[in-house]
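Whenever a hint applies, use it, and build me the whole structure from the sequences.
Each chain, written out:
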Amino acid sequence: MSFEFTACLVVVFLMAGFGAPVALSMIIGAIAYLGISGQDLALAGEQIIQGIYNSFVLLAVPLFIVAANIMNAGAISDRLLQFCVAIVGHLKGGLGHVNVLSSLIFSGMSGSAVADAAGVGNVIIRMMTKEGRYNSGYAAALTAASATIGPIIPPSIPMVIFALVSDVSIGYLFIAGLVPGLFMGLVLMIVNRYLAARMNVVVEARTPLREVPMITMRAFPTLMMPVILLYGIYGGVTTPTEAAAVAAIYALLLAAIVYRSISMRELTAAFRKSAISSASVGLVISAALIFNYIVATEGLPTQIANQLSSWNLSTIGFLLMVNLIYLVLGCVLDATTVILVVVPLLIPACRELGVDTVHFGIITMVNLMIGLITPPYGILLFVINGTTGIPIAQIIRHITPFLIILVGALLVMTFFPDLILFVPRLFGYSG
Amino acid sequence: MTSLLKMLKNTADNIAAAMLAAMFVTFLLQIACRYLFDLSLSWTVEVCLSLWLWLIFWVAAFCARETDHIRFDMLYLSVNKKVRRVFSIVTALVIICVFLYSLEPTLDYLWFYKIKKSPVLRIPLHYVFSIYGVFILAIVARYLWKLWGLIHPGLNKQREEREEI
Amino acid sequence: QAAGVKLRLAASASATDARAITMEEVFAPAVADFATYEGHYGSSLFKQGTELEAISRGNLEMTIASAQELAEFFPEFSIFAAGYVHRDAAHQKAVFNADFMQPLKQKVEDELGVKLLAVSYLGKRVLNMRTPDAIMTPEALKGAKLRMPGSEAWLFLGKALGANPAPVPYAETYTALQTGAVDGQDNPLPNTVSMKFYEVTKSITLTNHLVDLNYLAVSKKVWNNLSDKDKGKLQAAADKTADAISAAIQEKESSLRTFLEGEGLKFHEPNLDAFRTRVQKAYLESDYAKNWVPGMLDKINAL
Ligand code: NA
Ligand code: NA
Numbered sequence: 001m002s003f004e005f006t007a008c009l010v011v012v013f014l015m016a017g018f019g020a021p022v023a024l025s026m027i028i029g030a031i032a033y034l035g036i037s038g039q040d041l042a043l044a045g046e047q048i049i050q051g052i053y054n055s056f057v058l059l060a061v062p063l064f065i066v067a068a069n070i071m072n073a074g075a076i077s078d079r080l081l082q083f084c085v086a087i088v089g090h091l092k093g094g095l096g097h098v099n100v101l102s103s104l105i106f107s108g109m110s111g112s113a114v115a116d117a118a119g120v121g122n123v124i125i126r127m128m129t130k131e132g133r134y135n136s137g138y139a140a141a142l143t144a145a146s147a148t149i150g151p152i153i154p155p156s157i158p159m160v161i162f163a164l165v166s167d168v169s170i171g172y173l174f175i176a177g178l179v180p181g182l183f184m185g186l187v188l189m190i191v192n193r194y195l196a197a198r199m200n201v202v203v204e205a206r207t208p209l210r211e212v213p214m215i216t217m218r219a220f221p222t223l224m225m226p227v228i229l230l231y232g233i234y235g236g237v238t239t240p241t242e243a244a245a246v247a248a249i250y251a252l253l254l255a256a257i258v259y260r261s262i263s264m265r266e267l268t269a270a271f272r273k274s275a276i277s278s279a280s281v282g283l284v285i286s287a288a289l290i291f292n293y294i295v296a297t298e299g300l301p302t303q304i305a306n307q308l309s310s311w312n313l314s315t316i317g318f319l320l321m322v323n324l325i326y327l328v329l330g331c332v333l334d335a336t337t338v339i340l341v342v343v344p345l346l347i348p349a350c351r352e353l354g355v356d357t358v359h360f361g362i363i364t365m366v367n368l369m370i371g372l373i374t375p376p377y378g379i380l381l382f383v384i385n386g387t388t389g390i391p392i393a394q395i396i397r398h399i400t401p402f403l404i405i406l407v408g409a410l411l412v413m414t415f416f417p418d419l420i421l422f423v424p425r426l427f428g429y430s431g
Numbered sequence: 432m433t434s435l436l437k438m439l440k441n442t443a444d445n446i447a448a449a450m451l452a453a454m455f456v457t458f459l460l461q462i463a464c465r466y467l468f469d470l471s472l473s474w475t476v477e478v479c480l481s482l483w484l485w486l487i488f489w490v491a492a493f494c495a496r497e498t499d500h501i502r503f504d505m506l507y508l509s510v511n512k513k514v515r516r517v518f519s520i521v522t523a524l525v526i527i528c529v530f531l532y533s534l535e536p537t538l539d540y541l542w543f544y545k546i547k548k549s550p551v552l553r554i555p556l557h558y559v560f561s562i563y564g565v566f567i568l569a570i571v572a573r574y575l576w577k578l579w580g581l582i583h584p585g586l587n588k589q590r591e592e593r594e595e596i
Numbered sequence: 597q598a599a600g601v602k603l604r605l606a607a608s609a610s611a612t613d614a615r616a617i618t619m620e621e622v623f624a625p626a627v628a629d630f631a632t633y634e635g636h637y638g639s640s641l642f643k644q645g646t647e648l649e650a651i652s653r654g655n656l657e658m659t660i661a662s663a664q665e666l667a668e669f670f671p672e673f674s675i676f677a678a679g680y681v682h683r684d685a686a687h688q689k690a691v692f693n694a695d696f697m698q699p700l701k702q703k704v705e706d707e708l709g710v711k712l713l714a715v716s717y718l719g720k721r722v723l724n725m726r727t728p729d730a731i732m733t734p735e736a737l738k739g740a741k742l743r744m745p746g747s748e749a750w751l752f753l754g755k756a757l758g759a760n761p762a763p764v765p766y767a768e769t770y771t772a773l774q775t776g777a778v779d780g781q782d783n784p785l786p787n788t789v790s791m792k793f794y795e796v797t798k799s800i801t802l803t804n805h806l807v808d809l810n811y812l813a814v815s816k817k818v819w820n821n822l823s824d825k826d827k828g829k830l831q832a833a834a835d836k837t838a839d840a841i842s843a844a845i846q847e848k849e850s851s852l853r854t855f856l857e858g859e860g861l862k863f864h865e866p867n868l869d870a871f872r873t874r875v876q877k878a879y880l881e882s883d884y885a886k887n888w889v890p891g892m893l894d895k896i897n898a899l
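Chains as they are written, first to last, in my numbering: chain A, 1 to 431; chain B, 432 to 596; chain C, 597 to 899.
Any given hint might turn out to be false.
Within a straight-line C-alpha distance of at most 30 angstroms, the following computed DSS-like cross-link-like pairs (lysine-lysine) qualify [claimed, not checked]:
(1) Lys547(B) - Lys817(C)
(2) Lys440(B) - Lys273(A)
(3) Lys547(B) - Lys701(C)
(4) Lys836(C) - Lys703(C)
(5) Lys862(C) - Lys755(C)
(6) Lys547(B) - Lys886(C)
(7) Lys836(C) - Lys848(C)
(8) Lys816(C) - Lys547(B)
(9) Lys877(C) - Lys755(C)
(10) Lys877(C) - Lys547(B)
(11) Lys895(C) - Lys701(C)
If you're looking for bench data, these hints aren't it; they were derived computationally from the structure.
Below you can see the structure in the form of structure tokens.
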């Protein structure tokens, strides 16, 4: 690692540690890097501006934030909460399970973990923390952990990009993601069940059966939202990015016309709040893009790949080493960049060792998603902090058990390729 | 003074909300035109991306209080008030100096784009990207103001008021 | 001899693309005795469409540019992004080396500080649809939602073909084809294969409506600082690379047809005259043609 790059990282961590906004710390670190290495100082701004101006897929994020804030302001999430309490309130960790389940449903319509955390995650955190049911750090950590499932279950932009550089079928990759996604959901629910019991989360009295139809009726229009969005996407009406706008307009129609539960004043407030939180999320995500430039300039991916091949590892040793490298890189780099820059360097070794590329693709995805919640530098932690205001320290305090179980799930997937490959094989995959 | 600042901040917030609402409406228009009238609009994506760029830097420049920003404040919150003040002075100084250090090349970069136009609406890109220059200048101004308050503890009360708005 | 100049290339082509592989295997060794080549693929250094600016501002040495990207600065170049202008790889090369091309190249050097070294073939764009049917004439495309890149020039081409063009990002195109958000897309066969569009489509109609090209470009400042001998070597390396890329892509186009037929895609030969007449008429009546160098189209056709 060069002196300039080390200096850059030190500056970023010192500035952020001293309490400066994370985005500004990253811009300062990048300018320091450019200054020391004698490059054009404008490149910091260049990378941020072009990163935002060229990322159409990121546009789903502000729109899902609008949808979530309208649902919260218009008491839609309260009706949803009543329904969930009626159905699972008597179970230990019931609302936590709802959190994971909502991510599983949401992952079927979005290719982005950030959009999941900023949208439906924001609504569920509010439900979980209402009346002190769950600790807010715990709710945020579970939301971050379950949002990682988003790009594992199709549709998934990272998988499309992986297919481009690895020459595997997108169709098989998509199908292969189903079981790992459900598996991640399952292990998170198990941990949630265990932790809810240990934290002594209040279990509510079972709702009398005769009240359930009424509560369901009141929540029914809201429950239809995922159905409408899924129909929109799989019926070819909208792209996954446009679905975010459909979610927001549906929430608005529910609040304004069906429930008549939002005033003009509350609506304006919801937009103001959404504007500020989506901008702070957007600033952090785009400032992080400067690191793609720095890491590429430093030639880090090639150095790592050369180092890796010089070790002559066994198949499993190679996969474990790759997991480690991904986890570290995934903390600093955008998933797209890792796939476009690092994966092509690893694919030849994969072929030589006889690692199945679909298996390798899924491991890559799961890994990069775990990188999004690994402290100190995890984008999903920042996003939840930006949209809900829950301090990062509190989220980090609760993220560890989820992180451990997800890494455990990753290891299981690494050691047992059949777990990933059996479904694609049912559909004719010959790997 | 305080009420004037409040009014300005309120206006800035409303402009941000309007930009977001415009993005939302543009998206809906794009879906509706394609689905209902079989008409693909080409300008909608560009408008949304430009609004998104402006929203991010507008908010960072004029709306977001320091607490609205995403901050990694574990260390900062764990130390006493005196040390915090030192931390704040150091970060404010670094931000002011480094942003001013990069100002001239950055403005030169933005100005460079007078020769290129946006892909659909053909707006010269130095107008579209100019908000980044505004952001840099606004951040320098805001941290100068903050620094002034930090090194004049007598003004601390006013500073806190400023932080509230 | 120590390698003095650093030649960093930034391009949107992925590291596994024929262009990237040829740069590594042909270009890099050919310049090795006076320069160090460093390839950055998959837009890892600069975002797609901002590489020319990066060269112009002195932050980059080389890129693989498209006519569409150059047309953003110099509208004259839109002639090479128009339908049915270039016929094939040899024609592209003849046009690039023709006398009438010299003023255009000079303008790019003087105003952008970018020197266009060589032209390479990128493939013939064809229609790739979700339905198995042939698209014999532009009328058969009426109402079809055809995915196009999201800029005015591309959407114009889609309209000129008779389709209803829909701007969809490249990375979202697979899903859009899968769900039916769009009815088809147009790309050369190598892209249709590398992006796996054939998994979710059923036919290819060989409209060949745009013979796509790339320019291998270098910073003018870097060029001026080279000795005459090294200039000659760099030019020769670029020519050799461009020819190798053109050959690789043509080879791929012919072998991929067999592959795609094996995947169950139907290939159709449309009424080319109907498409050519409609598209050329649309361009000549448009504002694009107003920006073309007067008489250029005739000279291109005469080659
Ligand atoms: Na997904
Ligand atoms: Na969740």
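Sort out whether Lys547(B) lies within 30 angstroms of Lys816(C), counting only the CA atoms.
holds (19 angstroms)
Are Lys547(B) and Lys817(C) close enough, with their CA atoms no more than 30 angstroms apart?
holds (21 angstroms)
Take a quick look at whether Lys877(C) and Lys547(B) sit within 30 angstroms of each other, Cα to Cα.
holds (28 angstroms)
Sort out whether Lys701(C) lies within 30 angstroms of Lys547(B), counting only the CA atoms.
holds (18 angstroms)
Has the given pair, Lys836(C) with Lys703(C), been kept, meaning a C-alpha gap of at most 30 angstroms?
Holds, because 25 angstroms separates the two Cα atoms, which is no more than 30 angstroms.
Going straight from one Cα to the other, do Lys440(B) and Lys273(A) come out at no more than 30 angstroms?
OK: Lys440(B) and Lys273(A) at ~14 angstroms, within 30 angstroms.
Taking only the CA atoms, is the gap from Lys547(B) to Lys886(C) under or equal to 30 angstroms?
Given that 30 angstroms is the threshold and the Cα spacing comes to 19 angstroms, the pair holds.
Are Lys895(C) and Lys701(C) close enough, with their CA atoms no more than 30 angstroms apart?
holds (16 angstroms)
Are the Cα atoms of Lys877(C) and Lys755(C) separated by 30 angstroms or less?
Holds: Lys877(C) and Lys755(C) sit about 12 angstroms apart, inside 30 angstroms.
Does Lys755(C) sit within 30 angstroms of Lys862(C), going by the straight-line distance between their CA atoms?
Judged against 30 angstroms, a Cα distance of about 24 angstroms means the pair holds.
Given the hint that Lys836(C) pairs with Lys848(C), does the C-alpha gap stay at or below 30 angstroms?
With Cα atoms ~18 angstroms apart, Lys836(C) and Lys848(C) stay inside 30 angstroms; holds.
Hint violations for this structure: none, all hints satisfied.
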